[in-house]
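Add chains B and C to chain A, keeping to what the hints say.
Chains as they are written, first to last, in the numbering used here: chain A, 0 to 140; chain B, 0 to 140; chain C, 0 to 140.
All clues given are correct.
Pairs count within a copy or across copies, as identical chains cannot be separated in the list.
Straight-line C-alpha distance at most 20 Å; calculated DMTMM-like pairs for lysine to aspartate or glutamate: (1) Lys71 x Asp83; (2) Lys15 x Glu66; (3) Lys71 x Asp89; (4) Lys15 x Asp89; (5) Lys81 x Asp58; (6) Lys81 x Glu66.
Keep in mind that the hints were calculated from the coordinates and are not lab data.
Single-letter residue listing:
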Amino acid sequence: MLMATFQTSLKLPPFKRGFHLITHLIERAVPEIRNYSAGMAYIFIQHTSAGLTINENADPTVRMDFESHFNKMVPENAPYYKHDYEGSDDMPAHIKASLLGNNVTIPITNGRFNLGTWQGVYMCEHRNYASGRNLIITLMG
Amino acid sequence: MLMATFQTSLKLPPFKRGFHLITHLIERAVPEIRNYSAGMAYIFIQHTSAGLTINENADPTVRMDFESHFNKMVPENAPYYKHDYEGSDDMPAHIKASLLGNNVTIPITNGRFNLGTWQGVYMCEHRNYASGRNLIITLMG
Amino acid sequence: MLMATFQTSLKLPPFKRGFHLITHLIERAVPEIRNYSAGMAYIFIQHTSAGLTINENADPTVRMDFESHFNKMVPENAPYYKHDYEGSDDMPAHIKASLLGNNVTIPITNGRFNLGTWQGVYMCEHRNYASGRNLIITLMG
Chain A
0 MLMATFQTSL
10 KLPPFKRGFH
20 LITHLIERAV
30 PEIRNYSAGM
40 AYIFIQHTSA
50 GLTINENADP
60 TVRMDFESHF
70 NKMVPENAPY
80 YKHDYEGSDD
90 MPAHIKASLL
100 GNNVTIPITN
110 GRFNLGTWQG
120 VYMCEHRNYA
130 SGRNLIITLM
140 G
Chain B
0 MLMATFQTSL
10 KLPPFKRGFH
20 LITHLIERAV
30 PEIRNYSAGM
40 AYIFIQHTSA
50 GLTINENADP
60 TVRMDFESHF
70 NKMVPENAPY
80 YKHDYEGSDD
90 MPAHIKASLL
100 GNNVTIPITN
110 GRFNLGTWQG
120 VYMCEHRNYA
130 SGRNLIITLM
140 G
Chain C
0 MLMATFQTSL
10 KLPPFKRGFH
20 LITHLIERAV
30 PEIRNYSAGM
40 AYIFIQHTSA
50 GLTINENADP
60 TVRMDFESHF
70 NKMVPENAPY
80 YKHDYEGSDD
90 MPAHIKASLL
100 GNNVTIPITN
110 GRFNLGTWQG
120 VYMCEHRNYA
130 SGRNLIITLM
140 G
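The following block holds chain A by itself, in its conformation from the complex (with noise of 0.2 Å):
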């Protein structure tokens, strides 16, 4: 069967500080999945300052208990941050960025996203105000 690429962009809502999912965003972003029986998807999120994650869909406190670690592993303020002019949210921001990923790649299977049971993908917002962010996704198989 011949592979083909199929390619969009989604702008998203503004999301307040934190992890929320953002799966059934991405699924209606992309009803061409249907066309591939075997593939990848590929989400990619053209900024510096938020992430993306595939985790755990259900319970909100997991989400939650993210948002609470990450401040702790990556603290605002540090004594040894030198860009800080964009206030103290940023570089910590920056940082969990790249931590956590600007991407996730997930594969096709019959038409759908083939995730686990409990998979979800998260929209990581690092920013205490951010305003709607891009993704990229593209479906190749």
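Chains B and C only, in chain A's frame:
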């Protein structure tokens, strides 16, 4: 040359908590890789408390030190965890899974995984008592 | 339109320990990208003590703060390290490599890397004295 997608799943045996080399298990699962002169291999774990990464494939003390360091960087029983009803190893397991990532992406060259001399694929099991984890392996090229 | 795979390797010059922008080196290595209207670019580093990530491409203090923070989060000479015979910078280098990841995956749109305005590719060198690192770059679409 026409491109093609190959996809399969691989059920791993249960591993104890820690970091484990699984390169040989993945290679064994996809003999079809020999048909790909150039392309990419995607290995995706369908779980949120275990992960995949690529690191040193020779000295077992490297894998031990990974376990020690991640236990320190993401401790059990942190006072700010709210998600604690699945055991003290559960919430740290979710955070470690997102820090390390739930997939590895490896170039294919001349029908083989084009890893560096010292690179191997680690299965990162973060739960104390987990059953076998499921991988989706996709080859494209 | 038929899909195609292009793959090449890129030997980087030696970098000193720290975080370095290499977007321009990668762009220069794959002029073939202009043939891809939509697709994905995969950049993979064949080493276990250096990594790749995407982050802010403008202010050099961001890259300095990355180095400071990772040195704090993954210290040298931690009492629990067993793998210490390659120098005090070696085991932290392995852990940092897996935290940041050994590859970046970038969408291709209209013959170009579709990065956000502020995004650049970082080469993350974690060893004190490393020779040039090798990248495998694959384009598909």
